[in-house]
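There are 2 protein chains.
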Amino acid sequence: MSLIVQKYGGTSVGSVSRIKAVAEKVAAKHRAGDKIVVAVSAMSGETNRLIELAKEIHEQPNLREMDVLVSTGEQVTIALLCMALEAEGVSARSYTGGQVRILTDNAHGKARIKEIDGHRIHGDLDAGRVVVVAGFQGIDDEGNITTLGRGGSDTTAVALAAALKADECQIYTDVDGVYTTDPRVVAEARRLDKITFEEMLEMASQGSKILQIRSVEFAGKYNVPLRVMSSFEDGPGTLISLEDNDQMEEPVVSGIAFNRDEAKLTIRGIPDQPGVAYKVLGAISEANIEIDVIVQNVAKDNSATITFTVHRNDLKQASELLEQIASDLGALEVTSDNRIVKISIVGVGMRSHAGVAAKMFEALAAEGINIQLITTSEIKITVVIEERYLELAVRSLHSAFGLEQ
Amino acid sequence: MSLIVQKYGGTSVGSVSRIKAVAEKVAAKHRAGDKIVVAVSAMSGETNRLIELAKEIHEQPNLREMDVLVSTGEQVTIALLCMALEAEGVSARSYTGGQVRILTDNAHGKARIKEIDGHRIHGDLDAGRVVVVAGFQGIDDEGNITTLGRGGSDTTAVALAAALKADECQIYTDVDGVYTTDPRVVAEARRLDKITFEEMLEMASQGSKILQIRSVEFAGKYNVPLRVMSSFEDGPGTLISLEDNDQMEEPVVSGIAFNRDEAKLTIRGIPDQPGVAYKVLGAISEANIEIDVIVQNVAKDNSATITFTVHRNDLKQASELLEQIASDLGALEVTSDNRIVKISIVGVGMRSHAGVAAKMFEALAAEGINIQLITTSEIKITVVIEERYLELAVRSLHSAFGLEQ
Chain P
938 MSLIVQKYGG TSVGSVSRIK AVAEKVAAKH RAGDKIVVAV SAMSGETNRL
988 IELAKEIHEQ PNLREMDVLV STGEQVTIAL LCMALEAEGV SARSYTGGQV
1038 RILTDNAHGK ARIKEIDGHR IHGDLDAGRV VVVAGFQGID DEGNITTLGR
1088 GGSDTTAVAL AAALKADECQ IYTDVDGVYT TDPRVVAEAR RLDKITFEEM
1138 LEMASQGSKI LQIRSVEFAG KYNVPLRVMS SFEDGPGTLI SLEDNDQMEE
1188 PVVSGIAFNR DEAKLTIRGI PDQPGVAYKV LGAISEANIE IDVIVQNVAK
1238 DNSATITFTV HRNDLKQASE LLEQIASDLG ALEVTSDNRI VKISIVGVGM
1288 RSHAGVAAKM FEALAAEGIN IQLITTSEIK ITVVIEERYL ELAVRSLHSA
1338 FGLEQ
Chain A
938 MSLIVQKYGG TSVGSVSRIK AVAEKVAAKH RAGDKIVVAV SAMSGETNRL
988 IELAKEIHEQ PNLREMDVLV STGEQVTIAL LCMALEAEGV SARSYTGGQV
1038 RILTDNAHGK ARIKEIDGHR IHGDLDAGRV VVVAGFQGID DEGNITTLGR
1088 GGSDTTAVAL AAALKADECQ IYTDVDGVYT TDPRVVAEAR RLDKITFEEM
1138 LEMASQGSKI LQIRSVEFAG KYNVPLRVMS SFEDGPGTLI SLEDNDQMEE
1188 PVVSGIAFNR DEAKLTIRGI PDQPGVAYKV LGAISEANIE IDVIVQNVAK
1238 DNSATITFTV HRNDLKQASE LLEQIASDLG ALEVTSDNRI VKISIVGVGM
1288 RSHAGVAAKM FEALAAEGIN IQLITTSEIK ITVVIEERYL ELAVRSLHSA
1338 FGLEQ
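Protein chains in written order, with my numbering: chain P, 938 to 1342; chain A, 938 to 1342.
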């Protein structure tokens, strides 16, 4: 008998018939003898409907009240799912974030979980009930309703699994697992049976949108085995867990992630002196523009060049800021390019294997693809290339590292 | 500076523009220096939408989960109203029934309020905030969400006013006060400036649908002055309060209520012996049919006749039951009539005035209207007459008692 926390997102509970299908799935697990806790999102579209109502009333609605408003979305789902479970003959009980005391800080709209009281849930499980908890929401020290920010239901599920010491946290989505790369780009892309937290984090931060980064971090921190599964078809999914040291032969590269949403900015001919990187990048950050890859190097004349990437939507604003900075610093020129993509190969196996970078660059060179930027971390190598080479690059790397098996 | 509790029903908050209008009204009162607590219903249509969702999932949804579901309706309204108040420059804070600890019993769907903790609300009021509370909902000893049943927002408002020792509880509706009778029947019907709790109860139970009976009982019990006002136009409304003993001259009759929804059943020729009324009426009650007026008298041959009224929708079932009872008791006959109406004159002044009944019967006789049944209470006289005489009877009584002033 296992204790399983399952999470179903908005699409999985997007209609009455979908909710009934989820109830069937949960009931089957429950009848098989497992203890089940379910975390759910709002029915798809509901959160946006509520936000629209708020925007009609106030351009910048009060954040505390926004949380009171949008948290009703999940509250509707928990009630309906419990009713559907009872229709399946399964005893069930729903809880809002506040009722089960998912204690958070008071950062409305992006609160962080501090503590969960598992006492009441264990009582229900011991009484043979399925427990259904509203995802994405909690309560602060003073009893105010908080939300964890969009997609926060994944985090709720992982936090519940950690607090309840669950055997596994299963995240049901519209894909049947984590793939070596996007199957729409590489037909041979293969579902991974398992992947480590670290690898998943790198994949997620590189544009793989299956899981919220925060929930993966959380799962890694509390060592909660996380399984990504499909709501719509049966299958083992992908298990995300700690590195398995017993495994003799680890694949060098687990997956290839890419991101088309970035643009590149370069400032050339700036005096190479302490504080220059801060002057350039600090001003961009202060404008709330997120900076991703950063590369700096120094030319023969001792002037520095800094290149970095931002989200394409931020390119115009970032360019204007950078022109201003360039003129302040007496820099030579500012250039920008929004026809670039970022590609990363990810794998814990890189740690113990030399020559992975060389193999990556070789594969790209063989296709005549020029590399504009390179950054590396312990388990990831990222390159920025021209956008038009994206598919070619991903396919050649997928094949070079034998990911199709 | 007064402490006022206001209640706005579903129609008054039925759209974004209506909510903004309510916010304007509340903001004006707040700026005038009053401390304001607002209780609100769900936006009109919302509760029904949620109930429909539940019915699609389960014919008889779990009552606990039903309360979790429908209580989201008011939660949406409190958040939107607070946002609208902030847009008016008024600081506001919303609370669900659970957050403000409206403690109820655990009768889901028809819970009764046991206690309200006014501490937090007083804190907000002292800090200059308007407090917006979700009507119709509470929380039981174990932290489960409960609802007070439909229309329960009036009760929430009165209970809040009692707990906070408010100066007045204002119920905003789609009418501008309590009238001497239905203005659609008597053009001369006049808005009453004031009426007693007792009179309002009698009016309400006789078909005047302005206020929930429970909320009037509650207001009377805790002596909370209640004012019925229009959401859509300005005006003093009608104040419902304790009898004003200082008033020298009290009108004998305050209003005329009537009800077209009833039907009359008569069972004749039953042996006049102890327990017979119970045998007849007990069986009807057991079938969950509500009985209203009951009249019994004894004929010369010592056989009894019992006449009573039920809701027209229950007439068929009640008739069938009564036929069975008649055959069991060896009664003479059962007759029924659904073309009747009930008319009541109501007024605390009746207590100290003789001849009110005689005046009523005289007025009806002058119009040639036959009275089928009569019942009386201390402050009310009710007659049942043929339905076709309804308008004529109400108009002649309205005039006979000088209600047009």
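Treat the hints with care, as some may be off.
The list treats identical chains as interchangeable, and a pair is accepted whether it falls inside one copy or across any two copies.
Straight-line alpha carbon distances no greater than 30 Å define the calculated DSS-like cross-link-like pairs of lysine-lysine that follow [stated by the list, open to error]: (1) LYS1131 with LYS992; (2) LYS962 with LYS992; (3) LYS1237 with LYS1158; (4) LYS1051 with LYS1296; (5) LYS1131 with LYS1237; (6) LYS962 with LYS1158; (7) LYS992 with LYS966; (8) LYS1131 with LYS1051.
Hints were generated in silico from the structure; no laboratory data involved.
Here the structure is a predicted model, which is why all the values come from computation and not from measurement.
Each hint tested on the structure:
1. Taking the shortest Cα distances, LYS1131 and LYS992 never come within 30 Å of each other, neither inside one copy (43 Å) nor across copies (41 Å).
2. Taking identical chains as interchangeable, the C-alpha atoms of LYS962 and LYS992 lie at most 30 Å apart only when they sit on different chains, with a minimum of 21 Å there against 37 Å within one chain.
3. Proximity of LYS1237 to LYS1158 under the C-alpha cut-off of 30 Å is found in neither arrangement, the shortest distances being 45 Å within a copy and 91 Å between copies.
4. Taking the shortest Cα distances, LYS1051 and LYS1296 never come within 30 Å of each other, neither inside one copy (44 Å) nor across copies (74 Å).
5. Taking the shortest Cα distances, LYS1131 and LYS1237 never come within 30 Å of each other, neither inside one copy (47 Å) nor across copies (93 Å).
6. Taking CA atoms no more than 30 Å apart as the test, LYS962 paired with LYS1158 passes inside one copy only; the shortest distance there is 29 Å, against 51 Å between copies.
7. Taking CA atoms no more than 30 Å apart as the test, LYS992 paired with LYS966 passes between copies only; the shortest distance there is 25 Å, against 41 Å inside one copy.
8. Proximity of LYS1131 and LYS1051 under a CA criterion of 30 Å is satisfied intra-copy only: 29 Å inside one chain copy versus 54 Å between copies.
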